[in-house]
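Please put together the full structure from these sequences, using the hints given.
Those protein sequence lines, which keep their order, are chains U and Y. If you read the first sequence in my numbering, its first letter stands for residue 1, the second for the next number, and so on. If you read the second sequence in my numbering, its first letter stands for residue 1, the second for the next number, and so on.
Just so you know, the hints here were simulated from the structure itself, not pulled from any lab data. Glycine included, every Cβ here is placed at the ideal spot set by N, Cα and C. Take these hints with a grain of salt, some might be off.
The calculated label-pair distances, taken between Cβ atoms and stated as ranges, are [what the hints assert, rightly or not]: (1) Y:N79 - U:G88: 28 to 36 Å; (2) Y:D103 - U:G369: 53 to 61 Å; (3) Y:Q160 - U:D351: 32 to 40 Å.
On the chain U side, residues computed to face chain Y include the following (Cβ under 7 Å) [claimed, not checked]: (4) T6; (5) V82; (6) T125; (7) A129; (8) Q137; (9) D336; (10) P390.
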Amino acid sequence: MAAIATLTTYDYQAPSCLLRVTGQLSALSQLTRQPVLRGLRFDLQIGPGENPEAMPDSSPLLTLKGEENQLLELSDRVQNYVQGHLQGQVTALPQGGWITLTRLGLTRHALQINQPRPRVVILSTLQLADLADVLDQMDSQLQVRAEERSPAVRQRPARVRLWIGSVAAVLVAAVLGHQWLLPNPPAVVRSPLPETPEAAPPTPWSKLPAPSPATTSAPRPPLPRSSPAAPVDRQLPQTAREPVAKTVDPRTGALRPTPTLAPVTPVTPDSPVARLEPDSPGTHQPQQLPLALSTAPPQSGPTAALQVLSQALQAGWAVPPQLGESLSYQITLAADGTVITVQPLSSLARDYQTQVGLPQVNQRIPGLGLTQRITVEVNYLLDGSVRVVPQPLAP
Amino acid sequence: MIKAPLAIPPTTYAPNLLMAELSFQPDQPLAPASFTPQQLHSIKAQIDLVLMAIECLTGLGSEAVLASAARLGLVDLINDRVNLWRLRQASPLRRGQGRKKLDIDEARALVLVSCDLAASHSTTIRSAVAALEQALDQGRVVHQVDILGNYLDAFTNAYQDRMEVDSTAFTDDLSALALKLLVDLVFYSGVQGSRKFWLTLLDRSGG
Numbered sequence: 001m002a003a004i005a006t007l008t009t010y011d012y013q014a015p016s017c018l019l020r021v022t023g024q025l026s027a028l029s030q031l032t033r034q035p036v037l038r039g040l041r042f043d044l045q046i047g048p049g050e051n052p053e054a055m056p057d058s059s060p061l062l063t064l065k066g067e068e069n070q071l072l073e074l075s076d077r078v079q080n081y082v083q084g085h086l087q088g089q090v091t092a093l094p095q096g097g098w099i100t101l102t103r104l105g106l107t108r109h110a111l112q113i114n115q116p117r118p119r120v121v122i123l124s125t126l127q128l129a130d131l132a133d134v135l136d137q138m139d140s141q142l143q144v145r146a147e148e149r150s151p152a153v154r155q156r157p158a159r160v161r162l163w164i165g166s167v168a169a170v171l172v173a174a175v176l177g178h179q180w181l182l183p184n185p186p187a188v189v190r191s192p193l194p195e196t197p198e199a200a201p202p203t204p205w206s207k208l209p210a211p212s213p214a215t216t217s218a219p220r221p222p223l224p225r226s227s228p229a230a231p232v233d234r235q236l237p238q239t240a241r242e243p244v245a246k247t248v249d250p251r252t253g254a255l256r257p258t259p260t261l262a263p264v265t266p267v268t269p270d271s272p273v274a275r276l277e278p279d280s281p282g283t284h285q286p287q288q289l290p291l292a293l294s295t296a297p298p299q300s301g302p303t304a305a306l307q308v309l310s311q312a313l314q315a316g317w318a319v320p321p322q323l324g325e326s327l328s329y330q331i332t333l334a335a336d337g338t339v340i341t342v343q344p345l346s347s348l349a350r351d352y353q354t355q356v357g358l359p360q361v362n363q364r365i366p367g368l369g370l371t372q373r374i375t376v377e378v379n380y381l382l383d384g385s386v387r388v389v390p391q392p393l394a395p
Numbered sequence: 001m002i003k004a005p006l007a008i009p010p011t012t013y014a015p016n017l018l019m020a021e022l023s024f025q026p027d028q029p030l031a032p033a034s035f036t037p038q039q040l041h042s043i044k045a046q047i048d049l050v051l052m053a054i055e056c057l058t059g060l061g062s063e064a065v066l067a068s069a070a071r072l073g074l075v076d077l078i079n080d081r082v083n084l085w086r087l088r089q090a091s092p093l094r095r096g097q098g099r100k101k102l103d104i105d106e107a108r109a110l111v112l113v114s115c116d117l118a119a120s121h122s123t124t125i126r127s128a129v130a131a132l133e134q135a136l137d138q139g140r141v142v143h144q145v146d147i148l149g150n151y152l153d154a155f156t157n158a159y160q161d162r163m164e165v166d167s168t169a170f171t172d173d174l175s176a177l178a179l180k181l182l183v184d185l186v187f188y189s190g191v192q193g194s195r196k197f198w199l200t201l202l203d204r205s206g207g
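This is the structure:
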């Protein structure tokens, strides 16, 4: 008897972010207030949000695909980072795995994807908030039953251990062939959007290419119990494994390898991403230093001053081998380029203050072309780059 | 492993569940039943500042706070203007004497009301933050952007009017504080914003 795998898709949306999760609705869903998914795949797209002119070709800034453990890890990372950001932490949280978030300033955040190939996407505050929102929506409306998870990935304690007994009981029942246990869920379940008295802003999301419609009832091939699954090139070796033959493409119903991270839109000199301002959201390779400056056209005014300052600081920056996190300083410059103050933003930054090539107070940096006093936050990043972020100016 | 059910949008909660939501933290020990005076000191100040930021950005007044409290079923804790004034006056930063003690339920209620108001005006908050990002990108003076200039002016005036202002407190410092609060409001206006706000209060107070 051929078993039927019922795939259900949930969409979670925010103005600049779309998260689509697809998985098999567990029989446990009958016993819970929220649906329980297993064998989950996700497709995450981050778009321009309120700043569509930054992405005139409507292509998403970032597309990520993966499986449940990666999604849970992403959710953990983002929630921890946001909480740290709200608490005013200026240094990066200790992180690892395939996702790292680093604060670049009041409104800029570097989302570094470490595997399968390193790359960095600069998120605005609104994009970060939207990313946190869709993950929170999923968290509050869906339960994910992870197949297997390495301790390094799972940092949170198990939330509901009381489920273990129910899980075992229902799985036994399911294995015994009680197909009637499975409900008939709607083909595609759209997550409700939060209702607010004030109309939501017109979303530019429609400009982003939505994932193709999901097929919800796909024939499930017999499980290859006796024959081992063909080895698959897993690009994320730290995540849990599931036999490849059990993976059903939610779109075609065909067998396919486990999804991996989709490549980010390539950056070319002519691409909109490459034309971004130094502090604009964008994508870049960590080796292309400093951030986007190599592709940004020469400009005058504050932007040009920041470029000159960034290059000056870059020249003196070599990552100490034992350094484990980025270093941040706040520097105030007079209109003539004279350094007024240099303030380390963490105790670690204070320890390294004399080793990063910072200008000294009263030292003048020529060629900045400033017209007024300016305060910047300087981030010495572990990839060898130096990030200069202007701070709010006094009225 | 199964992810536990978490919060439902607050508007669907009964008041007691709303309050319980802020006590349940799957990743941390349960919220303490009481705080030390120093912890409450920080919490009271932070709540008042967030409410003030919302007021200065949106132009809301105490009537909106009371309406939100009524909508959330929190009238037992926030029932009239005098009561609200006394709760706000609990902030150690405030001018004047007669500060009222703020208990844990009152603090939770103010957090829920703050996030409800932020969510109700998320469009305004997002517009302001988008303008801030754009101004920083372009190296413009933030105060010259209409929505930000009005907000900064209102916040500075309100702060100087209501708080014990240190003579060394510069306008720059108040502007930086106002902008940090503005950015925080984006997160408080979103899904589970009240949880984020509450956790921030606990962490900042060392609880």
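Hint by hint, here is what the structure shows:
Distance hint for N79 of chain Y and G88 of chain U: a CB-CB separation of about 33 Å, consistent with the stated range 28 to 36 Å. Taken as a hint, the range 53 to 61 Å holds for the pair D103 of chain Y and G369 of chain U, whose Cβ atoms sit roughly 56 Å apart. In this structure the supplied range 32 to 40 Å holds for Q160 of chain Y paired with D351 of chain U, their Cβ-Cβ distance being about 37 Å. Look at T6 of chain U: its Cβ only gets to about 19 Å from chain Y, farther than 7 Å, so that hint breaks.
Evaluation of the V82 of chain U hint against chain Y yields a held restraint, the C-beta minimum of about 6 Å falling below 7 Å. A hinted interface residue such as T125 of chain U counts as satisfied when its beta carbon comes closer than 7 Å to some beta carbon of chain Y; here the least separation is about 5 Å, so the hint holds. With a least beta-carbon distance of about 5 Å to chain Y, the hint placing A129 of chain U at the interface is held under the 7 Å criterion. Contact between Q137 of chain U and chain Y, as hinted, is supported at the beta carbon level, the nearest pair being about 5 Å apart and thus within 7 Å.
Of the supplied interface hints, the one on D336 of chain U is violated, with its beta-carbon coming no nearer than about 17 Å to a beta-carbon of chain Y, more than 7 Å. Checking P390 of chain U against chain Y by beta carbon gives a least distance of about 6 Å; that is within 7 Å, so the hint holds.
When each numbered hint is compared with the structure, violations occur for hints 4, 9.
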